[in-house]
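In order, the protein sequence lines correspond to chains R and B.
Residues in the first sequence are numbered from 580 upward in steps of one, following my numbering.
Residues in the second sequence are numbered from 170 upward in steps of one, following my numbering.
A few of these clues could be false.
Claimed, not checked - Facing chain R, according to a computed beta carbon distance under 7 Å, are these residues of chain B, among others: (1) Tyr251; (2) Thr276; (3) Ser279; (4) His385; (5) Tyr401; (6) Pro405; (7) Gln459; (8) Ser472; (9) Arg473; (10) Phe497; (11) Asp498; (12) Asn500; (13) Val576.
To be verified - Listed next, the stretches of chain R that the computed footprint assigns to chain B, with coverage defined by at least 3 CB atoms under 8 Å from CB atoms of chain B: (14) 582-588; (15) 597-609; (16) 625-637; (17) 803-813.
Derived from the structure by calculation, the hints contain no laboratory data.
Just so we're clear, the structure is a prediction, and the values are computed from it rather than from any experiment.
Each residue gets a CB set at the ideal place from its N, CA and C atoms; glycine is no exception.
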Amino acid sequence: MNYSLSHLKELESESIFILREVAAQFENSVILFSGGKDSILMTYLAVKAFYPAKVPFQLLHVDTGHNFQETLDYRDNLVKEYGLKLKVGYVQDAIDNGYVKEESGINASRNGLQIYTLLDELEKGKYDAALGGGRRDEEKARAKERFFSHRDEFGQWDPKNQRPELWNIFNGRKQHGEHFRVFPISNWTELDVWQYLAQEKVPLPSLYFAHERPVIERDGILLAHSPFIPLKDSEKVFQEMVRCRTIGDVTCTGVWKSNAKTIDEIIQEVATSRMTERGGRSDDKRSETSMEDRKKEGYF
Amino acid sequence: MSNKERETELLRFTTAGSVDDGKSTLIGRLLYDSKSIFQDQYDQIEAISERRGEEGVNLALLTDGLKAEREQGITIDVAYRYFSTPKRKFIIADTPGHIQYTRNMVTGASTANVALLLVDARKGVSEQTKRHAIIASLLKIPHVVVCINKMDLVDYEEEAYNKIRSDFKDFATKLDVTDVSFIPLSALKGDNVVDRSQNMDWYNGTTLMYYLESVHISSDHNFIDCRFPVQYVIRPYSDEYHDFRGYAGRIDGGVFKIGDTVVALPSGFSTTIKAIHSFDGELAEAHPPQSVTFTLNDEIDISRGDMLVRPNNQPDSSQNIEVMLCWFDHNRPLKLKGKYSLKHTTREVRCLVQEIKYKLDINTLHRIQDNFSIESNDIARVSIRTTKPLFVDKYSKNRNTGSIILVDEQTNNTVAAGMII
Chain R
580 MNYSLSHLKE
590 LESESIFILR
600 EVAAQFENSV
610 ILFSGGKDSI
620 LMTYLAVKAF
630 YPAKVPFQLL
640 HVDTGHNFQE
650 TLDYRDNLVK
660 EYGLKLKVGY
670 VQDAIDNGYV
680 KEESGINASR
690 NGLQIYTLLD
700 ELEKGKYDAA
710 LGGGRRDEEK
720 ARAKERFFSH
730 RDEFGQWDPK
740 NQRPELWNIF
750 NGRKQHGEHF
760 RVFPISNWTE
770 LDVWQYLAQE
780 KVPLPSLYFA
790 HERPVIERDG
800 ILLAHSPFIP
810 LKDSEKVFQE
820 MVRCRTIGDV
830 TCTGVWKSNA
840 KTIDEIIQEV
850 ATSRMTERGG
860 RSDDKRSETS
870 MEDRKKEGYF
Chain B
170 MSNKERETEL
180 LRFTTAGSVD
190 DGKSTLIGRL
200 LYDSKSIFQD
210 QYDQIEAISE
220 RRGEEGVNLA
230 LLTDGLKAER
240 EQGITIDVAY
250 RYFSTPKRKF
260 IIADTPGHIQ
270 YTRNMVTGAS
280 TANVALLLVD
290 ARKGVSEQTK
300 RHAIIASLLK
310 IPHVVVCINK
320 MDLVDYEEEA
330 YNKIRSDFKD
340 FATKLDVTDV
350 SFIPLSALKG
360 DNVVDRSQNM
370 DWYNGTTLMY
380 YLESVHISSD
390 HNFIDCRFPV
400 QYVIRPYSDE
410 YHDFRGYAGR
420 IDGGVFKIGD
430 TVVALPSGFS
440 TTIKAIHSFD
450 GELAEAHPPQ
460 SVTFTLNDEI
470 DISRGDMLVR
480 PNNQPDSSQN
490 IEVMLCWFDH
500 NRPLKLKGKY
510 SLKHTTREVR
520 CLVQEIKYKL
530 DINTLHRIQD
540 NFSIESNDIA
550 RVSIRTTKPL
560 FVDKYSKNRN
570 TGSIILVDEQ
580 TNNTVAAGMI
590 I
C-alpha cells in the first residue's frame, strides 16, 4: 500500500494547516490580496481549508491607483464566486490627506507608499493577523521569514529576533496592539505554484498569459506603457508579445517577452527560465537590501 | 493527476557544518548543478563578491540574505533553499555553524527527513561533527549522511575515508541513529555530488544527489498509531449544510477509514467516522500528513485541542511528562519551579518545571549533574507538570505527538522545545 503524497499535495496540506491555525489562534484575520498569482493561490487554499463553510477572513486590497484593469476585474469576480468580503484601501486617500508624499521623477512609484495605507488599514480594521502570499524562494530576505511572523505595535519586522518554529507548532501569542504576518505558502516555489494552479484548473488573470501590448524598455526591463509612467525623451513605445511573471503596481511590474499562451507553456517557460521572477521588479532593484528595508518598515 | 506528478515527493533535509567544511560550496553545487541558481542571482552575488575583493564567487551570499549577515559575514538564522529534480522536490534548512547553533539546528532538524553532516577529509571527525550527530540523534532525523568533503585535498585516498567512517561508527554506537550513509566527495570539484567521481574507483556507493533522490522516506511518518489532534471545528451555518459539524485537522499518525470507531480524548466518548471531507470530494481514508475534515456519527462535545484516536491504541494521557528540553531564550535562563505556557499538537496548557534531572554535554553526551543553570542553547532532561492532561507519545514513536514547545508568558517568546521521553 502506498501512502505517499505528491509534493504538491503535501504543500497544499501544509498550507491548509497554517490557514486553519490562523483561524483558531486569531480573532480577526485578513488576507492581503494583490491580484497576483500567489494571493490567488492563498485565497483558493483558504476556500479549500474551510469547505464547506465560507472563508472566515476578509480580503484586503491596497490599491495604489496604478492598476492593471485586468487585475481589478479578476478580483471582483473572485470575490463574487466564493462569497468573500472585500475591503479596499486607497493610497490616493493617503496622498490627498497629506500623510504620504508622492514620489516625483521618471521612476516615481507608489510601491513604497503602500506601507502607510497597509498599516493604516490594518489598524483601522483591528486585524490581529494579516495573511500574505510571500514565498521564501522569491527573495533573499523572504528566505528568512517565519510562517507566523511577529510584528510589534509599529508593524515592524525584527529579522534578528524571530521566534523559532519547530515541527508543526506555531506560536501566535502577542501583546495587545501587536499583530502577526502569516505566510501560508512559504515553502512553495514559483514552479510549484504554476504546477498546482494547472493541476487544479484555477482560472487566472489574462496578464499572466502572452499577449501583445505597447511597452517601453528601461534599464533593461520591459514595462507596460501606461499613463502612470512618464517617458524619457529617448524612450520609444513599441509593440511586443509579453506576459507578467508577477503582478503588482503598473509602475514597477516588469513584463517579459514570451509566447506562453497556456498554463502548460508557462510551466515549460518557468522550468527553463534562468531569471528569477522578481528580476523584473524595479522596486527590488533600488538597493541590495531593498526588500529587507521595506519589510522592516511593514511591507509584505 | 498523471503518474509522473504523483512520484514527485517532497524531501526536507538539513545541512550542518561551517563554511570551513565547504557547506556553502556543497549547497551551491547542488543548486548550480540542478540548475536552481538563476542567472540574475548569480550575477548579483558575483558583482558583490568582486566589489568586496573576494576570490571567486562567494556562494554563501545566496543564503545570507540579511543586511547584518552580509555585513558581518555570518549566518544568523536558518535559511530555506529550494531545488528540484525530475524525481523530487527538495527543501534545505541551512543552519549556521556558530551563532545560536543548537537553537538553529534543532529548528532545522525538527522537520527534516535527512541530515547531511559535513566532515573535512583532512581533519576527520571533530567535536563539531559529534555535536551535529548528537543533535540529529536527539531530534530523530530518520536518515543521516556523513559527507566526507574535500577528498581532492587528500588525493582521493580510500584510507582517509575509511578512517572517518570507522571513527564515526565507533562514536555512533552511543547514539540512536539507525540509518547512516557515508559518501566521499569534493563539493568544489564536483566529485560524487551530482556526477560520479572519476577519481575514486574504490568507492562503490551512490552520489549524494542519487541518494537524495532515492532514499526511502515514505515510511518516515507513523502509519500505525492513529492520532488526529482536532485543530478547528467547521460549522457552515448555511441552509445546505445546516447540521454540518466538521472536525478539521492534520493526521499525525495512522490511517483513518470511514466507519472506524474512534475515541475522543479527553472525554473518552466513542463514535464512528461518518465521512472524511475535502474540497475535492469525500475520501475513503486519510493518512499523515493530510489535512482533512471528519464528520462523526454521534454528536459528542469535541473542540480544538482534543484528539481522536482508536480505542485499542491510545496515547498516554498524563499531566506529568519527561522531556529533553532545548533552551532558546538568551535573555532569561530556565526557571526551576517556573510556570510557562506549553503547546503540544493543537493543545495549549500551562505548566510548571518540576525538576531538572541533568544537563547534557552536547560534545560528549555526558550528564552534568552539578550545574543546573540552563541557558540559551543548553539541552537538559526535565520533568514537567501540566494543568491539564496531554495526550502524548514518546518522541521516538511520533515526532508530532511527542514534541512540545514552551512559551514565556511575559514576553510571549518561544523559549524552549522539548522531545518527550
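Now for the hints, and whether the structure bears them out:
1. Taken as an interface hint, Tyr251 of chain B checks out: its beta carbon lies about 5 Å from the nearest beta carbon of chain R, inside 7 Å.
2. For Thr276 of chain B, the suggested interface contact is upheld, since its CB lies about 5 Å from the closest CB of chain R, less than 7 Å.
3. A least Cβ separation of about 4 Å between Ser279 of chain B and chain R falls short of the 7 Å threshold, and the interface hint therefore holds.
4. With a cut of 7 Å, the hint placing His385 of chain B at the interface with chain R is violated, because the nearest CB-to-CB distance is about 10 Å.
5. Of the supplied interface hints, the one on Tyr401 of chain B holds, with its beta-carbon coming within about 5 Å of a beta-carbon of chain R, less than 7 Å.
6. Checking Pro405 of chain B against chain R by beta carbon gives a least distance of about 4 Å; that is within 7 Å, so the hint holds.
7. Checking Gln459 of chain B against chain R by beta carbon gives a least distance of about 5 Å; that is within 7 Å, so the hint holds.
8. Below 7 Å, beta-carbon pairs count as interface contacts, and Ser472 of chain B has none with chain R, the closest being about 10 Å; its hint is therefore violated.
9. For Arg473 of chain B, the shortest C-beta to C-beta distance to chain R is roughly 6 Å, which falls under 7 Å, so the interface hint holds.
10. Residue-level restraint check for Phe497 of chain B holds (minimum Cβ-Cβ distance to chain R is 6 Å; threshold 7 Å).
11. Nearest Cβ of chain R to the Cβ of Asp498 of chain B: about 10 Å, over the 7 Å cut. The hint is violated.
12. About 10 Å separates the beta-carbon of Asn500 of chain B from the nearest beta-carbon of chain R, more than 7 Å, and the hint is not met.
13. Annotation: interface hint on Val576 of chain B holds; nearest CB of chain R at approximately 6 Å, less than 7 Å.
14. A stretch counts as covered by a chain when three or more of its residues have a beta carbon under 8 Å from one of that chain; for the region 582-588 of chain R and chain B the count is 7, and the coverage holds.
15. Beta-carbon proximity to chain B at under 8 Å applies to 4 residues in the region 597-609 of chain R; the threshold of 3 is reached and the given coverage holds.
16. For the region 625-637 of chain R, the stated coverage by chain B holds: 8 residues have a C-beta nearer than 8 Å to a C-beta of that chain, and at least 3 were required.
17. Given as covered by chain B, the region 803-813 of chain R fails the check, having 0 residues with a CB less than 8 Å from a CB of that chain where 3 are the minimum.
Checked against the numbered hints above, the structure breaks hints 4, 8, 11, 12, 17 and satisfies the rest.
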